[in-house]
Amino acid sequence: MGEKYEPKILALICTYCTYTAADMAGSMRLQYPPNVRVIKLLCTGKVDVIYLLEAFKAGADVVMVSGCEIGDCHFLEGNLRAKERVAHAKTLLDDLGLGGDRLEMFHIGASDAPKWAEAVELMNRRAHELGPNPLGRKKLQARQTNIEELRA
Amino acid sequence: MIVAERKPFKEIAVAASGFRKVLVAGCGTCVAVCLTGGEKEAGILATQLDMAAQLGDREQVFSVGCVERQCDREFLEELGPQIAEADAVISMACGAGIQFLAEAYPDTPVLAGVNTTFIGVNEDVGVWTERCRSCRNCVLSITGGVCPISLCPKGMLNGPCGGADKGKCETDRERDCAWSVIYRRLESTGRLINLEEVIEARDHRDLLPGRQVHPAYERRYSAHE
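Heads up: the sequence lines are chains H and R, in that order.
If you use our numbering, the first sequence corresponds to residues 1 to 152, in order.
If you use our numbering, the second sequence corresponds to residues 1 to 225, in order.
Looking at chain R on its own, in the form it has when it is part of the complex:
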């Protein structure tokens, strides 16, 4: 899932300071799971902003809204009546959600309430770690299910780099060397032969804004191409 962290309070408060009626819009999917931008967190931020506005004698009104997903048009529609009442919206969704909200309501200023950090997993209560950079060229079948792009600070496709020491990374002695982990994983599953395969360098020329159409819908959307 997508993981995000809340922006520093001051940054949000400054961005919202010029607006009288502000809607704090939560998103009920990824950012709710990582306890950053769900309905509850939107409520906390709105209360905090309200209190700060009162302390600073600013006449502002904050309301809270939350939809299941801000990255889907049909859910965004639900926010319409609340947005019509607001001078600005603080979106607590990931970068994609914030942009889609701004696109859906182009006449209302949309402010970001969170910094999107990575695609990751829920490792333990309150802990999330990165697992994927969405590089569009997955090598996990070769590397034993361990991603060298996101877990190796150098993103080595054919590692290790030579800086590894006793299975730890030279950039941080606490961090496991991704390629050591890959080696052990391949060893335990009897696939060390995979290491003989040379993974070709990534061609970054195709890193244009992504768009994909499901094959079943190609006919429907080809008219727009």
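With the rest of the complex left out, here is chain H:
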């Protein structure tokens, strides 16, 4: 290894609230860790448990889902569904041995740019505390070669 660990943070965020907050954070020139990869969704209600598992399988160190404040969802209850699914996915991650702490749900309103910066900061700190995801890319690549050898 020897390389400096820069956590890969994946953020699945809703276009109506958190994405707007993240946009505003840029306009306000707020500083927050640049190693967050944002996927904009129409609503966090689109987030499925399988997406969350696949994100970790692909090597994300921590994953954050962020939707509107409770009661403010553009689609009424998409953020509530996401909240329940994230809670469920945490138990699945605990079961398989990766740990549910790598995943977190946030509710950030469109005007809450500082809250977005804080949330990314928090997940970045957590990623450093938990260390790299053992399912990271290097291991995956090594494994892929193994499987291809097995198949051959």
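Careful: at least some of the hints might be erroneous.
What the simulated footprint calls covered on chain H by chain R, stretch by stretch (three residues with Cβ under 8 Å from a Cβ of chain R suffice, anywhere in the stretch; the number is not a length) [stated by the list, open to error]:
hint	stretch
1	53-62
2	84-97
3	145-152
Per label pair, the in silico range of CB-to-CB distance [said to hold, decoys possible]:
hint	chain 1	residue 1	chain 2	residue 2	range
4	R	Gly80	H	Ser27	17 to 23 Å
5	R	Glu78	H	Gly26	22 to 28 Å
6	H	Gly99	R	Thr117	27 to 33 Å
7	H	Leu30	R	Gly126	49 to 55 Å
8	H	Asp23	R	Leu55	50 to 56 Å
9	H	Ile147	R	Gly126	35 to 41 Å
If you are wondering where the hints come from, they were derived from the structure by calculation, not from laboratory data.
Every residue gets a Cβ at the ideal spot worked out from N, C-alpha and C, and that includes glycine.
Starting from the structure of chain H, add chain R where the hints point.
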């Protein structure tokens, strides 16, 4: 419909640990409706198992398949090519489906991914409750459409038992006494006279493995008897 719950992850992972290529086979009917063993849940389990195998440095490959029903031969046939590639199959169907799959592919080890819980109804989003024990002796016409076998913890055929208190069951104060519900249902439909009928004890001697042939097919299948 038949309701099932997923087995604890550890139990499934241990059962599958000795096999290199494992197919997770979902069933698209009852267990898909109760969000336990459909295509989506099979995908989640396969991903979970894959990640756990990687974390444990086990060289295993997991694939996903799903058929409309595992309790029908013609649907099970669709799994053939995938099963031919696999060292073992984890079936996410109810107990009937798991057995039928194992019967259809006797050379491949079949593992259970779910525990079948009961025949029930979808009471609300994500909530299922039991309604039938398939006892082959339905008394619902007499009991106002409320089943005392499945809803009374004692299965009283002529209740209530005397343990009921203010319409609640003595085994659980949150649970309605089935016989109180039966009384109220018969009262509201003007059929209280039904309570005078004594329901005879169930003869359990005929509880052999069930088999039924539709009258229209009796001639066809009588040759196999």
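Evaluated hints:
1. 53-62: The restraint on the stretch 53-62 of chain H holds, since 4 of its residues have a Cβ under 8 Å from chain R and three suffice.
2. 84-97: holds (count 4)
3. 145-152: Satisfied; 3 residues make the cut.
4. Gly80(R) x Ser27(H): 17 to 23 Å: violated (58 Å)
5. Glu78(R) x Gly26(H): 22 to 28 Å: For Glu78(R) and Gly26(H) the Cβ distance comes to about 51 Å; the hint is violated.
6. Gly99(H) x Thr117(R): 27 to 33 Å: holds (29 Å)
7. Leu30(H) x Gly126(R): 49 to 55 Å: violated (39 Å)
8. Asp23(H) x Leu55(R): 50 to 56 Å: For Asp23(H) and Leu55(R) the Cβ distance comes to about 37 Å; the hint is violated.
9. Ile147(H) x Gly126(R): 35 to 41 Å: holds (37 Å)
Consistency with the previously given hints fails for numbers 4, 5, 7 and 8, ordered from lowest to highest.
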